[in-house]
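K.L.:
Listed here are the chains, written in short residue letters.
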Amino acid sequence: MNRLLNLVLAVVLFSLFGCVKILNDELETKETKLVLNATIAPDSVFAVNLSHTFNIFADESNKNLPFVNDAKVKLFENETYVADLVNIGYGYYINPDYYPQTGKEYRVEASYKNYKSINSTAVIPTPVEITDFDTTQIFSTDPYSGGKNIEYIGIIKYNDPPNIKNFYQLSCRLSVTDEDGKTYWNEQSIWSLENDYQFFDAHYKGTLAWDDKYIDGKETTIRFSFYSIYNYKELRVRNTQTIHFEFYLKSITEDYFTYIKTANLFWESGGGEDPFAEPVVIYSNIENGYGIFGGYASDTAVLNITFNYEGGVK
Amino acid sequence: MRKLFILAILFAVALQVEAQKQKFTITGFVEDASSGEKLLGANVYNAETYKGCVTNNYGFYSLTQSAGKITVKYSFVGYQQQVLTFELTSDTTINIELVSTIELEEVEIKASSINQKLESSQMSTVDLPMKSLKTLPVFFGEVDIMKTIQLLPGVQSGTEGTSGLYVRGGGPDENLILLDGVPVYNANHLFGFFSVFNSDALNSVTLVKGGFPARYGGRLSSVLDIRMKEGNSKEFHVQGSVGLIAAKVTVEGPIVKDKSSFIISARRTYIDVLSYPAQMIANAKMGKSSHFYGGYYFYDLNGKINWKHSDRSRLYLSAYLGNDKAYANNKYESNDYKGQDNFKLRWGNITTSLRWNYVFNKKLFANFRGSYSRYNFKMGESFEDTTPSYTENLKFEYFSGIDDLAASADFDFVPTTNQYIRFGVSNIYHTFNPGVNAYKFNNAEGSETTTVDTTFGNNKIYANEIDAYVEDDFTIGSLIKLNLGLHASGFYVKNTFYKSLQPRAALRVSASEKLSLKASYATMAQYIHLLSNTSIGLPTDLWVPVTDTIKPMTSQQVALGGVYNLNDMFEISLEGYYKWMDDVITYKPGASYLTSDNNWQEMVTIGKGWSYGAEFLIRKDLGRLTGWIGYTLSWSWRQFDEISKEKYPYHYDRRHDISIVATYKLNDKIDFGATWVFGTGAAITLPYDKYIEMDNYTGFLGDGHNGTVPYINYLSNVEERNNYRTPNYHRLDLGVNFHKKKKWGERTWSVGIYNAYFRQNYFFIFIDYDYEHYTGTGQPEKVLKQVSLFPGIPYVSYSFKF
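Protein chains in written order, with this note's numbering: chain A, 694 to 1007; chain B, 6 to 807.
Excised from the complex, chain A in its bound form:
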């Protein structure tokens, strides 16, 4: 009886544990392509980043960065050649004296060794003016640490231009100046409010993106939340200081908007590592390659908040 039981258990265990086999040889090698990433804006010099695709199994350490530094990258404005962009390392190509302008069409062409040449075009949209900006301070409790956070609700109003498709992104940066007068800039995440979650098409890396399908031609109010300093208790060990916030209401190109939407889906669904998630094809407007060539023009709202060492806010 014991032997029979052992046999049965052995069979059950044998069947329950499957085999794992490595299949790398079955995955054919795909042609390597150039990748161009850039978002051009009137307030920045013209700059793009060039890299190449590499095998999904390749080492991702910094010793194997796939940047392309000796390519030929040409810039065209309204189909007129402007200049070759200059490489400054890590795949960056810039024209330090050239600022793109709203309404003009820009095209970049990049060629490198035996890769297929790539090219893409973008037109910087007209910026939309922020008509009103306000914030409200609230305290919230961190569900994990129990700490009190200073949270703010921000409101930005603008008028959506009627009868044309408009695409927007709202982002935030903050800066702190230390006692030596040195200023540090940092990106600051913003979130949608719970009731407005469905309004936004993407909650992408601390920014919000949406189009005007619900609001074409209307005065629009965007509500969002953000934090100043993560934990209120930490304020007690800090000196009085002022934090400078800048909120950018960006009018972005449709291509860039679509890229954000799909990249956002990609990360929300596990970054390609959730076996239960449906795969996401990341949008690209780079002919013969990948990446995104987008553009934006923004209007900025500014907020300064001064904290004192008592833990309050001036």
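By construction, these hints were calculated from the structure, which means they are not laboratory data. Even for Gly, the Cβ is constructed at its ideal location relative to N, Cα and C. Check each hint, because a few of them may be wrong.
[As the list claims (entries may be wrong)] Listed next, the in silico BS3-like pairs over lysine-lysine satisfying Cα-Cα at most 30 Å (straight line):
(1) K756/A x K787/B
(2) K445/B x K400/B
(3) K650/B x K858/A
(4) K556/B x K906/A
(5) K787/B x K809/A
(6) K756/A x K790/B
(7) K723/A x K790/B
(8) K787/B x K858/A
[Claimed, not checked] The following label-pair restraints were derived from C-beta to C-beta distances:
(9) E724/A x N604/B: 37 to 47 Å
(10) E647/B x H937/A: 33 to 43 Å
(11) E724/A x N500/B: 50 to 60 Å
(12) E724/A x D773/B: 24 to 34 Å
(13) V457/B x K756/A: 23 to 33 Å
(14) K756/A x W615/B: 46 to 56 Å
(15) E880/A x F771/B: 27 to 37 Å
(16) Y526/B x L886/A: 26 to 36 Å
[As the list claims (entries may be wrong)] Per the computed footprint, the stretches of chain A lying under chain B, defined by three or more beta-carbons under 8 Å from a beta-carbon of chain B, are:
(17) 740-751
(18) 806-817
Keeping the supplied structure of chain A fixed, place chain B upon it in accordance with the hints.
P.N.:
For chain B alone, coordinates are given in the frame of chain A:
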């Protein structure tokens, strides 16, 4: 088109009414002589003219012939033919009992089933040979009709070992699975590795893949019509088996001999029982500090009672109850702390059906049915922690399911031998429960108590589905047979009413005595969807109705083919088909099973599908060596605007599919079975490469433009859906059965092996790190891994009957 159908039906009726002068009708039932079990699809025909009919799904036939001397033959595959010669002078009732050839030594067997295929206008239909089912090698010793159906051309299996059906490019939710006429929504036990159907309780299994007769509706791709046995009306019998993981027993017999009988069949797995000793030993080693008990089992019960009130009236009550349960209980204890957590998963079906067959007259047979079916899924998790200072309880439960309350009336009207009319109506009241969560939390610490008791999720959805059909099967001359029909259906849900008219047509032309050519056209509509983004039949898969934004799925299918009778031994058939599917759904890009708490309508997208191909089958049901060889060449595509503007291969697009099935009866004591299957790999989506993601803040990549190493994210690059083919699937199963007559009855030892040459077939493929190999920079290598299950599973089972 609709008018043409109606005119054709009226014309045919008029012709036949005129032609039936001076004729009388022979009616009755055809039964198994030893058990009284009805024989469905038995041939009844005039031996001189070869004109005849087949018994319907209740074993009833009606044969109208000219007055005078007549010879009628009754035949059914696996049974000795009966021949009656008599003077037909009036309408006559003849109930016939056929004797199974298994109980006879020398029998001349005619290939009646092949001739029936030649005669019938129906195409794309396969009857499963129930008698040879038990001879085939089986998975874990459990005979499974779903796995046998997967061996038929045009039918593909899901992943390794699972019971899902993918018919002619359709999805697993596009099969109408009927158990005694009642839909079964989840046909899976043990996550799909076994089906819910206990073969000992089944009488017949018919799969329709195309050319759907008008009496069927509600799904796009196939109808699997499963009929339970009625129970032996002459004497008591018991049969059962004990296998590696399950045991089953079936009892049948008369309640009142030849008038009323019953059958009851039960099955249960005992993986949980077998694992208890190991768990007890482990717990004993842990002492008091920790106790773990977990397990899994499924069981099912089939029961049926029938009562023959008269030759014209019979009542049937049938029921199925099946449940799967997985559970885990963990208790831990230290000096001042006690805790426990429990997890349970339970799902199952109930179907019940009350049927009344009534023969109104010699030409009109009716079946009335009331039925109830339910599929429920429940998942629960609870925690409890207790210390001297506080107590905390948490309980979470999730429920989903579907309930159907249905009524139907079906009529068979046989005006002449050359014409068979079916018509009927049905109504199903659906209650969908697309996921409800219940959450309870209680925390008591000192004098402070926090309590949460809430329920959230999707509300129940109520819907009504109504169907009506008429279908006329008639012959024109001696060569042509037509089946014309119309199926009308409507679905009312949330103040929206969808309706559909679905013409059906099937044509048979007899090219010779041995060869029939066939063609068919069918449109179908489906009002419910199964939300599932895994290829395993998980019990959490959710049935949901169409809504005001999610339209019904529809399909059109044309098929052309032929059947050839080779030497009265081999049935050879070849069919080609083309199917269009509209408004099919799939999950949107990025939608994840792990985030399925979202509104399901937000997670799906609507698109189109196409499939086409050719199926070849050569089949032999008679003699010592039986079996079939099937080959399918097929393409299946999908296109969803939100995924791709271009069409892409469906996950179950399988270019080549081959199955070879053979059983050989060496003698009365030993028989062998073998199956070999081959299929092109499944189409799945894999990234072949990756590239740097754009930084969204500045347009630059971190600080790289300042000369420091930038922080980089990589995007896996998926160029198109289903761009990768998994390795081809193939497998050999072998089995042998040893039968022995005993004083008390008969016993059989079955031994065999599933996946005899240990092929590692694809079950799941994913990208992962290989921690045994590192790159030059010290990173673990990224690799593509394939998980395979069941690399050679031997089985042994003992079965008995008396």
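K.L.:
Now, for every hint given, state plainly whether the structure supports it.
P.N.:
Evaluated hints:
no.	hint	in the structure
1	K756/A x K787/B	16 Å, holds
2	K445/B x K400/B	5 Å, holds
3	K650/B x K858/A	21 Å, holds
4	K556/B x K906/A	23 Å, holds
5	K787/B x K809/A	27 Å, holds
6	K756/A x K790/B	26 Å, holds
7	K723/A x K790/B	19 Å, holds
8	K787/B x K858/A	42 Å, violated
9	E724/A x N604/B: 37 to 47 Å	41 Å, holds
10	E647/B x H937/A: 33 to 43 Å	41 Å, holds
11	E724/A x N500/B: 50 to 60 Å	53 Å, holds
12	E724/A x D773/B: 24 to 34 Å	25 Å, holds
13	V457/B x K756/A: 23 to 33 Å	51 Å, violated
14	K756/A x W615/B: 46 to 56 Å	48 Å, holds
15	E880/A x F771/B: 27 to 37 Å	33 Å, holds
16	Y526/B x L886/A: 26 to 36 Å	55 Å, violated
17	740-751	holds (count 10)
18	806-817	violated (count 0)
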